[in-house]
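Peer 1: Here is how the chains run, residue by residue.
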Amino acid sequence: MEFGWTEEHVTFRQQVRDFLDTHATPALFAELYESERDGLAREAGEEEFGHSCGPELRAFRKAMNEAGYTNMGWPVEYGGQGKDALHAFILAEELWYLGIPQDHLSVGSVGRTIMRFGTEEQKRDWLPQIVSGDMTFALGYTEPNAGTDLASLQTRATRDGDEWVINGQKIYGGFGSATHGWLAARTDPDAPKHQGISVFIFPTSVPGITVRPMGTMGRIITSETFFDNVRLPADALFGELNRGWYYMSNALDLERVMIEPQSLYQRRVDALVNHIEEHRPELKDDLVVRTRLAEATVDSEVSRALAMTNAIMVQNGITPTMEGAMVKVWGSEARYRVDSLALDLLGPEGALRRENEEAPLGGKLEENYRGSSVHRFAGGTNDVLRRIVATRGLGLPRG
Amino acid sequence: MAMDLRLSDLQELIRDSADDFLEREAPASRMRQIEWAGEPDEELWSQMVELGWTGLPIAEEHGGQGAGLVDLGVLIEQLCRHALLSPYQQTMLAAAAAQRHGDEALQASLLPRIAAGATCAPALVEGNGGPYGAIAATTDGATLSGSKRYVDFGATSDLHLVAALRDGEPGLAVVARDQAGVSSEALTGIGLTPQAAVTYDGAAVEGWIGGAEAVDYLRVLGSAIASLECYAHAQKALDMTVSYVQVRVAFGRPIGTFEAVQGRVADAAVGVTASRFLAYEQLYKLDRGEVDALHAAKVKSVVARSVADATNWGHVLHGGVGFMAEYDLQFHTRRGKEAALRWGDPRESLGAVAAAVFN
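Line order of the protein sequences matches chains X and C.
Each residue of the first sequence is one higher than the last, beginning at 820 in this note's numbering.
Each residue of the second sequence is one higher than the last, beginning at 40 in this note's numbering.
Isolated chain C, as found in the complex (with noise of 0.2 Å):
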């Protein structure tokens, strides 16, 4: 097939459903709460579930649709600009990892409830120690032990896919939350999202993916994710300044007349338009098994600084309006800038960059 930036039918299809549902069913003062409730909305979920988009990736003969990662792309775009918090995201993560790397016996038990509408959080990161930090939780493979830090949706997902160590080789290992050997305490960040503490005091296993290539996988789609969500924050970012700025006027014309402001707005749009081909691309190139964590960090570097730029320009080009909570740009701050943070900050990014400049 001939390169081409277009969607396809099916992309468009996605994308204008998705659309239609959200502007229906999720307007912003139900994200408000939603993001106050601080877990997510169980009505929204079943219909997403309804809608067949937990089975998107998924395939078929485990009762899912066999999507590719660039169509779930298509709708985490949507998902991310109507500023819906959900565990979508990383309930996909977890079914991706578990569909590459899980052996038969677990992809025939894991997929299928996951397409049904079970959640799974990944859990990875230690203490501060990001990503790529040193993994102390272990596993005998019959119970778990260990603790996760910022486990989104760790409070309230049905299972969790948490990197552990076995006989010293890494692995991911499914854990049903609720259960006496798991307990949470919650975070908040910037975003929102709800986010977990974890604690594994010999938590039940029901399930093993080992190799340090599954573990490197769900980094890598990770931060693919992240680094997608980061374009479509800024996206929209972009769309809604590019509105606002010819509806408002000042000195008697629209604002978005002025030379200073065009600049701003073209400004950003460079890194909008760069990050949407890298961000997509990323999710071709993991569909076909690339799997690069240094390419990966390249990406996060310039999706991060992208969104930064395009949501803040963003406020600038607004004024106070674009500052006021009631006004839905916030949103999209505060969720890029998470995004830039998860399964990788820009430091971490940048720093695996700067690792790999000499041979």
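The shape of chain X in the complex, shown without the other chains (with noise of 0.2 Å):
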């Protein structure tokens, strides 16, 4: 067993920190605060949805491209530097730290699943525009009934000719907001469900595509998308015919190691402490104040403890299918706990929403609450992780 930080590792997390010194700006982080959409205003009108991505954000990421951050893990052969899964570990950390947005979806699994599975001319046309942001990919995975049960899905792609023809309807994808969609569509009515799914890959422009604003109660407005006789060429298809189950396992898979790093749970314990320390000083001395901060503090380690078990894992080559899950349930647990905690222990005044100007932390407390427990079902429900952790990890019969 071996626990310590090589020195590459040491000298390549100070490069980033070093890094981020420079470009995460004041002016960045006010133009990720003021990008974020209230859910609930989608009541009151509000029309802007999705993720936007400001000119603060796309400098920031373009200095990411320069230092060669974005995908430093790819092979060299597709424009990386073949950097470990540990590099990539590092570099989530201090982003998710300072809660800069980055776009796994387009570079780490997309990305990477095109450069497994995709043609030569795939991979010469859409790598460079993956890395330069230029493409980015909406997720069109769940369906409104199709959500952790994903081989259930139900829009049907068909051939007429030499098209494609997607019907059906996608839902909380970033279909409002991406260049592309990667979606999975049954292309096999009769095949049983995991082998008749395929995978599309097309511009969101096409006709026939229409996306509708739905409100959330937590920080975001998302989408449902209508696919309504959306005509796409042959090529659309990516990789092989009803392969697609695979090759969205496969880009599943890719990015665990970026997974609930600790630094989304510890940025929460601190921010919280460093908020009673400015603002709430009386409360410095509140014993129950004390001790659940301890706890905060002693959870924080579990969430380190797992996070480095995963990324360790994935370093040496091996597949962490059940300490991958064990991540997700108890970080995003977690995460809710110190969501709920934050109110708890501020009261009245945590709970202020941001245009208050005296609520803390610019309103982030509640809104924080709000969202949390969208962690706890996103990307595979918890109770179904725990599944895999009973089933696949330890061996348990499936029933």
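Simulated from the structure, these hints should not be mistaken for laboratory data.
Just so you know, these numbers come straight off a predicted model, no measurement behind them.
Where a beta carbon is used, it is the ideal one built from N, C-alpha and C, also for glycine.
The reader is advised that the hints may include incorrect statements.
Unchecked claim - Subject to a maximum C-alpha distance of 25 Å in a straight line, what follows is the list of computed SDA-like cross-link-like pairs (lysine to any residue):
no., chain 1, residue 1, chain 2, residue 2
1, X, Lys902, C, Asp43
2, C, Lys324, X, Arg832
3, X, Lys942, X, Leu917
4, X, Lys1103, C, His334
Unchecked claim - On the chain C side, residues computed to face chain X include the following (Cβ under 10 Å):
no., residue
5, Leu61
6, Ala251
7, Pro293
8, Asp306
9, Ala308
Dock chain one against chain two, each of which comes alone in its own frame, and use the hints as you go.
Peer 2: Set out below in structure tokens:
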């Protein structure tokens, strides 16, 4: 057993921190804060939706590209640096600590899947655009009747001469803002459900797609997307026909190392502690406050242990099926608890919305709480992940 | 070396040979006898000495094998899995403290004896003060007076390593147990590890390890070993439960197929997985001189909770069978809680974390 970071990784973390000192500017954070949409405001007529990418974030991502960080894990032949999984882990940790959004879906999952299964032409045309951010993907997986049981999806793709015709409905994907769709559709309704799915890649601007914004109780306005006789060229089919489930699983597996680093949790604890120190010093001597924050600090160690276990396994070429599920279950539950704790400790002040000038952390605390359930069901609901831990990890019978 | 959570070849050898030996020589029936005997099994101890276990972390120049604390942890994990009650952990803790902070003469006198089988009981706690409570025992370098409680194997160990003040400076005194100035009273706790309340009344001192850092090292390593014990008992309880729910049939199918059961097992496994990482990482860091009491308190808080959860969910999922004295799960429930209270209980551990929350 070895637990020490190598010199290379220590140096890399310092490089990333130096980079962030320069490029993660107050203007960037201001833009990120302003670009968030209150999902509830949809009720009040808010029309803009999705995550917009403003000039500051674009400049930041350009600097990331120039520093080689965006796709450093890609093989050299595809423009990357072949850096190991712990580099990606370190970068994700540092970015998450500051709350800077990362497009893991496009660069990590879809990009790597294209690299592995795409044609030479697709690799040549698309990979540079994915890195530059000119090509971003909306995930067309979830449907109103296919969430955690994703393989039961019903959106159809039928062949008509040289074209594919898509009909159906997706929900929660980013079709309102991404340039391209990465869509799972049923191509063989008679095959067993996992074996009749194919993946399609196409510009979101093709005719027949209607995106309808949907308000949420969190900090995002999401959307549902309707596909009404959307006609795609034959080469919109990615990879082989009816192999979609395989590509989807592969895309999900590739970014395991990024999920729920401790910093996602620790930044919440630190922000709460800092707020109390600066604005509510009377709480520092409150026994309940100290005890509950101590418990949160201890939980953070669990987050670190699980994230590290997961990352080290990926680093050593071991697929952490069980550990990845554990990280996600624990991390999302812990985040919910600390988001709830922040309001419990600060009281009505903590629940002030961002339109109140005196709202702590710009109103983020009540927003965090409103949004905290999402992580417990998105990307595989936690009870299904617990089943994965029990069956695929510990060997219990599926029943 | 790159990070890796898998056992090294040496560690696998330690694990497998310990498992083989304990499977053969220390069946649960014998563990039950040892528990009620109130003292270690001398025959088993001499076999452990013959296997070289008592020299594992001791430098070769002092008759040991010079292995690291992680290697030691791998062996202790097996001892816990087999519910072995022996003065091994306490003696190795004393040896490691002497090796790190004792002067050359003390090491040369003490370590070869321990490698050859002498047992040594660290004695730190006074009253109910916990490991960080005030030390009132005093020594002038020749004799020692004071009283200690919850000294594991205090009534039978050949030597005691006693935290005391000498001219106001804390340190650790080496004291032979079998002398007129040392008397003890038996205490028995939940894990049935024989404990003692020990009184030192002008006891002869044969060695002195001076300095607060020596006492701190003993505290932190003690906590680290106790944390590893918590992990080991939690892991064993989880393993037993995972096996049991696959064979126990109710309502026509193995109970392990029920989603509620799977959820309980999965949550216990999350705690155990985190505990394994934290327990071994801490030993790794201690081996490299990183002595961090606050971190030890965090780790202890995690593993104490994990072992209570893993063992008690184990009982709930086993039902009546697991509650029977003849079923071995109860060993781990009791020993796990005992370990959670040793070298800093959860109140003290969480309290240390709470004290450091704000600058």
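Peer 1: Going through the earlier hints one by one, which of them does the structure break, listed in rising order?
Peer 2: 3, 5 and 6
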